[in-house]
Every structure is written in C-alpha cells, then in structure tokens.
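Since chain P is already given, all that's left is putting chain E on it; use the hints.
Same order as they appear, the protein sequences are chains P and E.
The opening position of the first sequence corresponds to residue 19 in my numbering, with each subsequent residue numbered one higher.
The opening position of the second sequence corresponds to residue 15 in my numbering, with each subsequent residue numbered one higher.
Any given hint could be a false lead.
[Said to hold, decoys possible] For the chain P half of the interface with chain E, some residues (derived, Cβ under 7 Å), not all of them:
{"id": "1", "residue": "Tyr52"}
{"id": "2", "residue": "Thr85"}
{"id": "3", "residue": "Tyr87"}
{"id": "4", "residue": "Arg90"}
{"id": "5", "residue": "Lys97"}
{"id": "6", "residue": "Ser100"}
{"id": "7", "residue": "Lys105"}
{"id": "8", "residue": "Val106"}
{"id": "9", "residue": "Leu108"}
{"id": "10", "residue": "Ala115"}
{"id": "11", "residue": "Asn120"}
{"id": "12", "residue": "Glu122"}
{"id": "13", "residue": "Leu141"}
{"id": "14", "residue": "Ile142"}
{"id": "15", "residue": "Trp185"}
{"id": "16", "residue": "Glu191"}
[To be verified] Derived lysine-lysine pairs resembling DSS-like cross-links, with alpha carbons at most 25 Å apart:
{"id": "17", "chain 1": "E", "residue 1": "Lys204", "chain 2": "P", "residue 2": "Lys97"}
{"id": "18", "chain 1": "P", "residue 1": "Lys83", "chain 2": "E", "residue 2": "Lys86"}
{"id": "19", "chain 1": "P", "residue 1": "Lys97", "chain 2": "E", "residue 2": "Lys85"}
{"id": "20", "chain 1": "P", "residue 1": "Lys110", "chain 2": "E", "residue 2": "Lys85"}
Please keep in mind that the hints were generated in silico from the structure rather than gathered at the bench.
Source: prediction; values computed, not measured.
Every residue, glycine too, gets a C-beta built ideally from N, C-alpha and C.
Chain by chain, the residues run as shown.
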Amino acid sequence: MNNKLITLATCSFLLLSGCAKQATTTEEIDNQLYSNASILDEVTATRKDVNVDLRKIRFVYLETKTTFYPGRFDFYVRKNLSKMGLKVVLNKEELTALILNNPELSNLSSINDPVSQSRLSTLIGPILKIRVTLGLPNGANRSVSVEITDLSSGRRLLELSHNTLVWANFETEVFFPVFKVMNEWLNEVRALRGSEA
Amino acid sequence: MMKLPKTISSFFLLTFTITLFPFTSYSGKSIDHKTWYGLTDLNAAMHTKKVGFHDIVISKDTYFVAALGKKKTKLQDLKEIWETRSAERCKDKGFHFFVKLEYLFEQVLQGDPSVVHPPALRGHVMNTSGTVYIPMIIPSSRSGPVYASSPIYQSHARCIADPTLLLDPSRLIQVKSVIDRAVEYKWIKKAN
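The following block holds chain P by itself, in its conformation from the complex:
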C-alpha cells in the first residue's frame, strides 16, 4: 500500500514538474516581444529616421483611427506601447482636456493641424505623435499603418504599412509584425541616443 502511494506521489510530482517547465514567466514573454509575429507578409517601411532623442520627449500623443471597435483599439495600441516602454501616453480626449484645463494653452484652437501641434510642442515640451490606422478593406483583408512624427520639428520619423489576409489569428498576423518593426526602431533609437527616463 505504501509503495503504491509513493509511486502515485512520484508520478504526480513528475507530471506537475513537467507543467511547471512549460509555463512561461512574464519576463520571458517580455524578452520575446512579438517574436511569434507572422513572417509571411513583410511590413513596408517607407521612412525610417532614428535621429530623435526619446529622453527629451514629454509624452506620446496617440491617435488611432478605425471603424472596428475604436475604443478597444485605442486601448489595445496603448497597452502595446507600454510594453515597448512608452508609458506616458495621451489620446485625443486627454490632450483636449489638458489644453482646456490650462489657461496658458487657451490660444490653441485646434489639435489637428500641424502648426497648432508644433506650437503645443513648443509650450509644453517635445511630443511624439504616433498615429495607428486599422483598415478593413474587404473580406478578411486587414491593413495597418503607423506614422510616428516628432511634433517639435515636424519630421516624420517612421512610416509603416502592412496589408494582410487573416488566416488564423488577427493579433499575430495583423498587429504583431507592425509592432515588431516599431519595437526594433525604438530599440535602435535608444541604442543611439540612450533610453528615456
């Protein structure tokens, strides 16, 4: 009876140990950020400029555009930016509140035109604008484009576009390839100019 119990306990322990080995920790996931991105469709980068100092950037102005669950998409992009290390993010509503709550900024009439954005950048510090667009052209086709602009200088730093047909996984096939290139660009910028605070 005792032998049976010992054998059962040993088997259970070995089985549980196997499970524990396969589980991935958060750190491992972070190190392999977007590693399971699809490599079948290339992401087109029409512009790639690493001449920006992320340490001087006050915040990221995030502008998302889609007709497919815009609120969730806005949050989804924000969460991915935080995984890439960009945590100080303001979307359109937050930026509007910032301008309305500060009388010093009352002379800004718009946050959409580049001139006002440049002025805002002068008044409160350099802003990195990240615009992410998700398009649903037809059927199972999806397109994602990313534009990153330094609002203080008006320079477009990164332009990416990715069109793909979704076969199995919306996230890994549509978003991960784009975020992977974005993350690589950020790492390149940090390596050249140092990491932001």
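Frame of chain P, contents of chain E only:
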C-alpha cells in the same frame, strides 16, 4: 374547453422560459458578474464578446485602467468596474483614496509640477486673421465602411495618500466604499 396535449403545452412553456430568461437575468448587477472579472490576456482587449478590465502600471501610484464593454453593457456598469479595479490597485499599495485623472500628469495635489513650461520658455500669443475655410461634405456613391463599436471607460487612476492635499476634494474616491460595493455585488470576495 379543448385541452392542449401535454407535449405541446410543455413546448410552449419551454419556449416562453427560453425567450424571457435573458431579460430576467439582466436585471440589476447580475449581468457581468462572472464574465467581466479576470480579463487578463491582452488579446481579450480586442475580443469584442467579452466584458472586462485591463490595466497598465504607469508608476508606483498611477495606473491606467480600462473597462471594456460589449455592445449593450451599460456605461454605469463600466464606470463601477473601472472604480473597482482602480480601488484594488490602490489598496494593494496601501492607499485609501484615489482620483480619476483627466490626463496623466494632471495637477491634482498641492505641489504637483505645472504642465506648462516656466514663462520664460513659453511661446508668444499672436493675433491671426485670414481666410476662413468652411468644410464641405460631398456625398459619395460608395457604401461606407462597416462600423462596429462597444462602450469603453478608460482613464488614469492616481492613488492618494493624503487627501488634505487635494486641490479639488470633490473628486476624491474612497477605496473602502468602492471595495464594499464590489463585495455587495459579489464581484469580489471580502478580504479577511
């Protein structure tokens, strides 16, 4: 009077129950109890059939919390989910109060730094005049894109240690009252 056969009456009873059941279970706070809590994987943020929260740790006292709803989720429910999660985060760090920020570095406490640079670095105000452009919308024959949306309640929550420093005390939210309400809704279990 003609009597319906037993199988037919059972069928009607079953149909009636199936039709009315979803409406009866939607009353009060029972709708999202089991589905919203613990939405933790990131993919779920785009899983439009789920209700839940997601959060981002910004700093030791600030979190970005999003309560994501389905098409028919009430905004009040999402607000309460947002408050519950924010209260949990602040409670974990030992805070008793929190406020909802309108943007990340909003000045809510006495002594918080100003958003705008010191006057010396500010730009100057210019009076402008010129052409006023009036937007015109030209209808297109093409059918528009498919639009799908669901409610979301998202904002930064800042945990507060000393409520006397708050610039606007009416914005203060007490962690205990939010947690008590969540316990009452059976969203969370009462901590020992």
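Tell me, which hint numbers fail for this structure?
1, 15, 16 and 17
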